Amino acid sequence: MVQIIDPLLIAALALNFVTLGTSRIRAAIHAVALQGILLGLLPLFIHPHIGLRGILLVLGTFVLKGFVVPAFLVHAMREVEIQHEVTPFINYISSLLLGALGTGMALVFAHTLPLADEHTGLLIVPASLSMVWTGFLMLTTRRKAIMQVLGYLLLENGIFLFGLLLLEAMPFLVEIGVLLDLFTLVFVMGIIIHHISREFSSMSTDHLSELKE
Amino acid sequence: MAYLLIVFPLSLAALAFACPSNRLRPWLLPLGALGYLGLAVTAIVQASAGAVIAGLDDWLLLDALGKVVLGFLGTLYFLCSLYAPGYLQLRSERSNRVFCTSLFTMLAMMTIVTLSHHLGLMWVAMEATTLSTGPLLYFNRTSRSLEATWKYLLIGSVGIALALLGSFFLAYSSLKSGLESTLLFDQLIRDAPRLSPPWLHAAFVLLFIGYGTKMGLAPMHTWKPDAYGEVPGLVGTLLAGGVTTCAFVAVLRVYQICRAGAEAEFAREVMIFMGLLSMAVAAVFMVRQRDFKRMLAYSSVEHMGILVLGVGIGGTAVYGALLHLINNGLTKGILFLSAGNIHRAYGSKVTDDVRGAIKRVPFSGVLFLIGFLAITGSPPFGPFVSEFTILNTAIRDGQFLVGGLFLLMLNVVFIGMGATVLAVVQGEPPEKQDAHAFKDRMSTGVPILLFLGLVLMLGLYIPPALEALLREAAAFLEVKG
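If you're matching them up, the sequences are chains A and B in order. Sequential numbering from 214 applies to the first sequence in the numbering used here. Sequential numbering from 156 applies to the second sequence in the numbering used here.
Just so you know, these hints were derived from the structure itself, not from any lab. Computed from a prediction, not measured in an experiment: that's the story for all the values here. Beta carbons are placed, not taken as given, at the ideal position from N, Cα and C, and that holds for glycine. Treat the hints loosely; a few may be bogus.
[Unchecked claim] Chain B stretches covered by chain A per the calculated footprint, using a threshold of three residues with CB under 8 Å from any CB of chain A:
hint : region
1    : 309-319
2    : 350-360
[Stated by the list, open to error] A partial selection of chain A residues facing chain B, derived with a Cβ cut-off under 7 Å:
hint : residue
3    : LEU326
4    : ALA329
5    : LEU368
6    : ILE372
7    : PHE375
8    : GLY376
9    : LEU380
Starting from the given sequences, assemble the full structure and let the hints guide the process.
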């Protein structure tokens, strides 16, 4: 079972780059959704004797990360009639290079952190750090609100991945708290995006620059 | 009792949501806040008499630090709620259903953060605080308040996401050491010396940055001027006094774990450095600040810096920091509420348009000026005592550089803030003023006066009961392992 974890993680990491490299918002949403589904399946392989609680977690993650949140984002995208991120602050090639650099650094940094015996040799920690990094990149370099929300989702995915190491030790409340908050947050942000679009008739956060020194 | 403190505001939130009358609903706020204050005081008295106020298998526990913060939150919230009916009456054209509901939800969540002895639960409550304050920021429905809300939610949730990653790292540090993996606070302190140092190190950095973002420490403070600049004064007070205080509690919990472990000296240095950095950044941005509500936001950045600095210095300064927590929150009440009144009277919050506030709104103008003197540490007000305690400890412990920088920054802030405040209150008001403009009235004046009364009292006389609570909390924070 363990052999399948690393390929799954590599696929999830590849999706980081799809998200970073595309200007089409719909493609980015789908990439993040697929990544969520892959991560949602992981607990089944990491903890073979997972129990009912674990199964519920897998189901919850699967449905929320894979379907509910993406559907919500696609809906928001249709609502405001925006398909592309045209001019990010950093162009796509540089984004991809920075993403690759971050992933490399994540590998090096994860090496300096001592892992418990049962987790050594797995890609989980570097993959999670790399997702966090990619999330930050998206958050800081994209202009469109939806792309920033996607960056936030990547960040959350990375954190969720790390949390999987602690699944046996962590109480359910915390796990479900993560999912619920993720959901509500995107919900609230969705509403706000809606309002941004009504106020400015476009969804770019560029308009949000009235308040500064 | 612990459950009651949380369920009571939550049920009031439900009641506020169900209440059909826009005119009656705001009156729920002072009533509910009074009830909450009563509950909080009862809980503190019971806990001081030796009763254990706990719940959820000790995930919730009222400890020495919790007693101080709970009492403070109850008082702050009550005084703010007195201002609410008068304020919402002025805004009667707008539904206040979501506003009142969010205010009560926020109170419940702040209570959970205060009582929480489980880092995961604390995190969930902190996130919920962020979410419940979102609608409060957007109350004015303008594009500027929308921008402020967006930045607040995005930066706040990224901070909170980092805090979660930090919590995971912390849990992993005990897993790595072969200990039973836990996020229970008391157990973590007990285990702290045996936690895996690299993980603890990384966890502290992430948690400090995460909760520091919610506190508004520089350089993670960028949401603050926008948010505080656009919110109603009432919400500003609750953010600057309440939410940031809860984030500070979170930082303190993390700091305590690190102090008990191998990272004590590192954590202490980070606290001192970040404290001074926040003060310096605030001082720079306060000089020549034309927008007086943004100025208050930078003042909040400065005082959050003072809080972590005080804790970093250690010893008696921890007592000073806890006292300053109360003083700062209450003084912010004077400043934000009177600034809100002035803003309303002029329809502007930049010093180009606002002059002569003492003539146009004499009551708010004078209180704004007094609030400025109090917050910058002039005697005989409360902040003077707490800031002096911190400074005194730094000098006595031989930390001359830290003490000197602290004093220098306080002076720069005094001069910078003074220029803006004097520009607002002095001079001749601009000619044009329509007949329906806001005038001082009882409902929006008296609550500020009550804030002032408390700040003045804390400068002259600290009641023995409060003194005992503060000493107990400071001792609790200073205990090692």
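Hint check against the structure, violated hint numbers in rising order: The structure conflicts with hint 9 only, although it agrees with all the remaining ones.
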